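Visitor: Take a look at the letters that make up each chain.
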Amino acid sequence: SAVISQKPSRDICQRGTSLTIQCQVDSQVTMMFWYRQQPGQSLTLIATANQGSEATYESGFVIDKFPISRPNLTFSTLTVSNMSPEDSSIYLCSVEVTQGQPQHFGDGTRLSIL
Amino acid sequence: SQQGEEDPQALSIQEGENATMNCSYKTSINNLQWYRQNSGRGLVHLILIRSNEREKHSGRLRVTLDTSKKSSSLLITASRAADTASYFCATPGGSGGSNYKLTFGKGTLLTVNP
Chain A
1157 SAVISQKPSR DICQRGTSLT IQCQVDSQVT MMFWYRQQPG QSLTLIATAN
1207 QGSEATYESG FVIDKFPISR PNLTFSTLTV SNMSPEDSSI YLCSVEVTQG
1257 QPQHFGDGTR LSIL
Chain B
737 SQQGEEDPQA LSIQEGENAT MNCSYKTSIN NLQWYRQNSG RGLVHLILIR
787 SNEREKHSGR LRVTLDTSKK SSSLLITASR AADTASYFCA TPGGSGGSNY
837 KLTFGKGTLL TVNP
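Chains as they are written, first to last, in the numbering used here: chain A, 1157 to 1270; chain B, 737 to 850.
A hint or two may mislead.
[Claimed, not checked] Short, incomplete list of chain A residues facing chain B, as computed with Cβ under 7 Å:
#1 Ser1198
#2 Leu1199
#3 Asp1243
#4 Leu1248
#5 Glu1252
#6 Pro1258
#7 Phe1261
#8 Gly1262
#9 Gly1264
If you're looking for bench data, these hints aren't it; they were derived computationally from the structure. Predicted model, so just to flag it, every value in this text is computed and none were measured. Ideal Cβ placement from N, Cα and C applies to all residues, glycine included.
Based on the provided sequences and hints, a complete structural model is requested.
Guide: Set out below in structure tokens:
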């Protein structure tokens, strides 16, 4: 099991600005992930945050728009850059504590862009 | 093509009744997972069923898996108002037994009326 803390829990931002979301885990984990959940939709994987190397992005997501940091095995950040109203979503961090076991999720960051 | 399509999209029942949600997927899987998401919160893992299993129970939850039909169902018995949430199935696409690269279905919004 793992306890995941995400900050902020919600924010309202202006168009064109950027916001960095933090994800802190209470234990060292190998795999950390970032998902996006658009309003009324399911979750879509943005990228896998790799410790010590560049994140692995899924199709449709690019580093310039969603830069990710993973400085150690318990922490990661996701930045949503140059935001537009279409970026209004819930952004969730998850971890895989043990290989082959289900992922654990943070409570998410609810982001609204005006 | 999308993995994990749930139906129904929304389900409203009375407390004490049973709720059944279905999930279909398109490619071969090692396992299938069900998650619950309460409004405004992250996802909570409910149950994982492996491809060589046909049925699994956990408390009031019963999950079945039919790999020949590429489908799964989640049954919640004796529902409670606290079961009100969105329910998602997810299938992993990672290699080496990892559960990363989860693909989520669109989800079923369950409302249990007191």
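Visitor: Using 7 Å as the Cβ threshold, decide whether Leu1248(A) counts as touching chain B.
Guide: 6 Å, holds
Visitor: Hold the hint about Gly1262(A) up to the distance rule: shortest CB distance to chain B must be less than 7 Å.
Guide: The hint holds - Gly1262(A) has a Cβ within 7 Å of chain B, the shortest such distance being about 5 Å.
Visitor: Given a cut of 7 Å on the nearest C-beta pair, is the interface hint for Pro1258(A) held or broken against chain B?
Guide: 4 Å, holds
Visitor: Interface hint check: Leu1199(A), Cβ to nearest Cβ on chain B, cutoff 7 Å. Holds or violated?
Guide: Holds: closest Cβ of chain B sits about 5 Å from Leu1199(A), inside 7 Å.
Visitor: Answer holds if the nearest beta-carbon of chain B is closer than 7 Å to that of Asp1243(A); otherwise answer violated.
Guide: 18 Å, violated
Visitor: Does the CB of Ser1198(A) sit less than 7 Å away from some CB of chain B?
Guide: Hint holds; Ser1198(A) Cβ to chain B Cβ min 4 Å, cut 7 Å.
Visitor: Would you check whether Phe1261(A) satisfies its interface hint, that is, whether its CB is within less than 7 Å of any CB in chain B?
Guide: With a minimum Cβ separation of about 4 Å from chain B (threshold 7 Å), the hint on Phe1261(A) holds.
Visitor: So, as I understand it, the hint says Glu1252(A) touches chain B; can you test that by seeing if any CB pair is closer than 7 Å?
Guide: Since chain B brings a Cβ to about 6 Å from Glu1252(A), closer than 7 Å, the hint holds.
Visitor: Regarding the hint that Gly1264(A) lies at the interface with chain B, is the smallest CB-CB distance below 7 Å?
Guide: Since chain B brings a Cβ to about 5 Å from Gly1264(A), closer than 7 Å, the hint holds.
Of the numbered hints given earlier, the model fails hint 3 alone.
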